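Going down the list, the protein sequences come from chains L and D.
369 is the number that full-length UniProt numbering gives the last residue of the first sequence; the numbers go up by one with no jumps.
307 is the number that full-length UniProt numbering gives the last residue of the second sequence; the numbers go up by one with no jumps.
FYI, nobody ran anything at the bench for these hints, they're computed from the structure.
Here the structure is a predicted model, which means the values were calculated and not measured.
Each residue gets a CB set at the ideal place from its N, CA and C atoms; glycine is no exception.
Wrong hints could be hidden among the right ones.
[Said to hold, decoys possible] Listing some non-contacts, in silico: residues in chain D with all C-beta distances to chain L over 12 Å: (1) T45; (2) V133; (3) F235; (4) G252; (5) F267.
[Claimed, not checked] In silico contact screen, one side only, chain L against chain D (beta carbon under 7 Å); selected entries: (6) G64; (7) N68; (8) V70; (9) P72; (10) P88; (11) C102; (12) C291.
[Claimed, not checked] Listed below are the simulated BS3-like cross-link pairs for lysine-lysine, each with C-alpha atoms no more than 27 Å apart in a straight line: (13) L:K107 to D:K157; (14) D:K200 to L:K112; (15) D:K200 to L:K130; (16) L:K20 to D:K157; (17) L:K73 to D:K157.
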Amino acid sequence: MAALSIRALSKRYANLEVLKDIALDIESGEFTVLVGPSGCGKSTLLNIVAGLDYPSAGTIEIGGRVVNDVPPKDRDIAMVFQSYALYPSMTVRQNITFGMECRHVPKAEQEKAVANVAKLLQIETLLGRKPSQLSGGQRQRVAMGRALVRDPLLFLFDEPLSNLDAKLRVEMRMEIKRLHQRIGATIVYVTHDQIEAMTMATRIAVMHQGRVQQFAEPDTVYRYPANLFVARFMGSPPMNTIPARLEAENDGLVVVIGAGRPDEIRLRLRDYDGAAPFVGRDVVFGIRPECIAEGSRAFSNDAPVLVDAPVDMVEPTGAETMVSLRLGGETAMARISPDIRPVPGASASFALDTRRVCLFDPETERLIA
Amino acid sequence: MSNAAAIRPGRPALPEWVRRLPEYLMIWVPLLLSAAHLISFSLWTIWISFTPSTLVPVSGWVGLRNYTAVAASRNWQIAFDNLLLFGSAFVVLSAATGLILAILLDQRIRGENALRSIFLYPLAVSFVVTGTVWSWLLNPGLGIQKLVHDLGWTSFKFDWLIDRDMAIWTIVIAAIWQSSGFAMALFLAGLRSVDADIVKAAQIDGAGPVRIYRRIVLPSLWPITVTVVVIQLQFAISTFDLVRALTNGGPGIATQLPALVVYDLMFQRSLLGRGAAAAVLMLLILLAVLLPYAAWRYVQRRRALHA
């Protein structure tokens, strides 16, 4: 059953169109992450789903029921806010029971629900405290408790981790994921952090300029980005996107970087038949940094694809060495073994994994193959 | 010092205290002058209150005789009772009016800026003007009563200004008109500082507007309420010009207030010693309000630091 269906939804403020023709179908039990840079409309979309804002056109269905005219409290949702939005004058217990109080749930039932949630989130000892007496991580837990106690059809998370420090953020990320696996809830989660999206989501909706650019499983989004925006947004560092030319040679396709230059690079592609119509035209060649490695690396059992390229800069991170190099005059990032440190200014040999590259149409910016 | 030398090479750097002289002059001279002024005249008034001074200050010691005389006078007793009534009614009603105005303005209505200015405007008017204008409005032969009579409702009666029992309420009305805008401004700032997400969370939790205000917004306003009450209270205690212009303590001495008693004793009856004693009593009432407030603020700040 579709827990949430958004159809032909748009939102405009005066002359500014912030959401354009959004269509999403989210299945029950899915963990969907809306990810995009700030101002892409993802929080507006979440607010519209929650009923805190109104769409200019289109419909929203929650659990098979059109909720366009249903107030937030009757949409069977719960929301966790970036600022936690805990009620400052109430204790943790009152914060959690406030919603049930509004819905006139009997006291005994409230007690039971609080006890369950407090146990699940390990906040039993905090129930008597005020939000001002809690740390950031504890407030986050209480905010989630307030949402969980409602047992809604749909959980909405609005950048819930961005106010936490880096270490706590990683911990809470895992905890939310574990929680999702345990209770099987349907979650729509908004973030600008593509790592949160990759690690937690069952499906990612990448948003940009008010449009959903791609809505797919994390692996698909990463491996087959629908367009140049997605390619450059997902991954850290992002995919290298290099202007190139596609040519045909001995029944195969060849990508030429820096055509006509002395350091021209020619890469043979296999199984990229979909790109055949672009032979003889300009394309954008996309390759992930982890697909460029030191010359001794073997990506497959086939003969390695090796290029010699000048090294611009070397950034050792401990776990790996990031290298900025020049491919046919264009800058690219490579991810090589931590113990190898090429000399900046000199040339080094690099191995390329040409099975996992992407080709984009430079005009429409869409993925070709 | 090295900076100054670097900016203007060739000039000898001035000593630190010479360069900072303008700052010292700007801060310390006015501060010391006003502090000396306040403290020395307060001490002088306290000293006078223990002397038999009448028209001019004289030395001598009469102990608490001036105080007992003031406290025993009907004038002071009425003034003190009036202060209790006026102070509490004014503070409660002006805070309530200000809060209601603030809540209404907080509904994102059109013309909010204009309305806010209108409500704040009385604050820019001096109390003498407020008092005079309201004395006209409330004058039965001139103001509201006359207007209603002229419209045809001749049995209408609104003569609180000349009614012994009700006259004090005219001062309450004028004072509320003057200063509820101030309370509104503080409350509105408090309402606006409530995190919008908290209100959204409450909406999703199913709370209606009344419950959101009662359970979430208003509880967060109580520190502002304390500030409003204390500021209005110290205004109430020292009220002089408003009453002087509106009722001048009348009818008879029905709207007498402590500040009027001080003025009356010192400058009408030339009893400096007694006037000083009444002034010191006012100071004590003021301290009874301000010292607990200062202590409360201190505790709040300590708590905020340790939180």
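Next on the checklist: Check the hint pairing L:K73 with D:K157 against an upper bound of 27 Å on the C-alpha distance.
Outcome noted: Roughly 51 Å separates the two Cα atoms, so the pair is violated.
Item to check | Satisfaction of hint between D:K157 and L:K20, Cα-Cα up to 27 Å | outcome: It is violated: about 65 Å lies between the C-alpha atoms, which goes past 27 Å.
Next on the checklist: What's the verdict on L:K107 and D:K157, does the C-alpha distance respect the 27 Å limit or exceed it?
Outcome noted: violated, 55 Å
Next on the checklist: Given L:P72 as an interface hint, is its Cβ closer than 7 Å to any Cβ of chain D?
Outcome noted: holds, 5 Å
Checklist entry - Regarding the pair D:K200 and L:K112, is the alpha-carbon distance no greater than 27 Å? => result holds, 26 Å
Checklist entry - Does the nearest C-beta of chain D fall within a distance shorter than 7 Å of the C-beta of L:P88? => result With a minimum Cβ separation of about 6 Å from chain D (threshold 7 Å), the hint on L:P88 holds.
Item to check | Cβ separation check - D:F235 to all of chain L, threshold 12 Å | outcome: It holds; D:F235 is separated from chain L by about 29 Å at its closest Cβ, greater than 12 Å.
Next on the checklist: Can you verify the interface hint for L:C291: is its Cβ closer than 7 Å to any Cβ in chain D?
Outcome noted: At 42 Å from the nearest chain D Cβ, L:C291 fails the 7 Å test, so the hint is violated.
Next on the checklist: Using Cβ atoms and 12 Å as the threshold, tell me whether D:F267 really stays out of contact range of chain L.
Outcome noted: holds, 50 Å
Checklist entry - Can we keep the L:V70 interface hint, with Cβ of chain D closer than 7 Å? => result Cβ of L:V70 sits 12 Å from chain D, so the hint is violated.
Checklist entry - Is it the case that D:T45 keeps its Cβ farther than 12 Å from each residue Cβ in chain L? => result Answer for D:T45: holds, closest chain L Cβ roughly 44 Å.
Checklist entry - Does the no-contact call for D:G252 survive, Cβ to all of chain L over 12 Å? => result Correct as stated: the minimum Cβ-Cβ distance to chain L is 48 Å, above 12 Å.
Going down the numbered hints, you'll see the structure goes against 6, 7, 8, 12, 13, 16, 17, while the others check out.
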